[in-house]
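Colleague: For reference, the chains in residue letters:
Protein chains: 2
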Amino acid sequence: MRVVLVYDIADERRLLIVHKVCKRYLYWVQNSVFEGELTKGKLNQLIRELEEVIDSEEDSIVIYTFKEKNLTGKIQYGPDVPEDRFIL
Amino acid sequence: MRVVLVYDIADERRLLIVHKVCKRYLYWVQNSVFEGELTKGKLNQLIRELEEVIDSEEDSIVIYTFKEKNLTGKIQYGPDVPEDRFIL
Numbered sequence: 026m027r028v029v030l031v032y033d034i035a036d037e038r039r040l041l042i043v044h045k046v047c048k049r050y051l052y053w054v055q056n057s058v059f060e061g062e063l064t065k066g067k068l069n070q071l072i073r074e075l076e077e078v079i080d081s082e083e084d085s086i087v088i089y090t091f092k093e094k095n096l097t098g099k100i101q102y103g104p105d106v107p108e109d110r111f112i113l
Numbered sequence: 026m027r028v029v030l031v032y033d034i035a036d037e038r039r040l041l042i043v044h045k046v047c048k049r050y051l052y053w054v055q056n057s058v059f060e061g062e063l064t065k066g067k068l069n070q071l072i073r074e075l076e077e078v079i080d081s082e083e084d085s086i087v088i089y090t091f092k093e094k095n096l097t098g099k100i101q102y103g104p105d106v107p108e109d110r111f112i113l
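First to last, the sequence lines map onto chains G and S.
Okay, so the first sequence: first residue is 26 according to the working numbering, each after it adds one.
Okay, so the second sequence: first residue is 26 according to the working numbering, each after it adds one.
Just chain G, with the same shape it has in the complex:
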């Protein structure tokens, strides 16, 4: 299934770990947005890894899942996010 993941992590150390975990499963769209195609199993695995890292009192993660063919549009503004822009 298609996955869009958006995070808002309050702590820099956790942010770095969340970013690294997401990169192993999805591709980076924008500072706090990842996208990709995952099986249900892989998504559950990603969720378990994230649950081990985040502080649910302070951090937020929203994950949308849908079938690729049902995404009717995507509009993106702004510069691309090359890997080297991510400096912590």
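It is possible that some hints are incorrect.
Heads up, incomplete: computed chain G residues facing chain S, CB under 7 angstroms, no partners named [stated by the list, open to error]: (1) Leu41; (2) Val54; (3) Thr97; (4) Gly98.
Note that these hints are calculated values from the structure, not bench results.
Where a beta carbon is used, it is the ideal one built from N, C-alpha and C, also for glycine.
Following the hints, complete the assembly by docking chain S onto the known chain G.
Modeller: Just chain S now, kept in the frame of chain G:
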């Protein structure tokens, strides 16, 4: 159609304006994420308003659109985002 909008705005003044514009069309899910149901006309109106505010060299916006019934899942972690948490 269902709309998910994620922004990453580099400047605080522009961020505040973008947030206010988005709030008139969509509801706030997480710090930089808005969601809602919009007609094509309303979406175009929102896009025009945002284009007037953002600096496309520095700011990013990603807008996903799909049919409501085809969003297969949404998983959200972390605290809700009450309006008063948005302090600039």
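Colleague: Enumerate the violated hints, using their earlier numbering and listing them in ascending order.
Modeller: Per hint list: single violation, 1.
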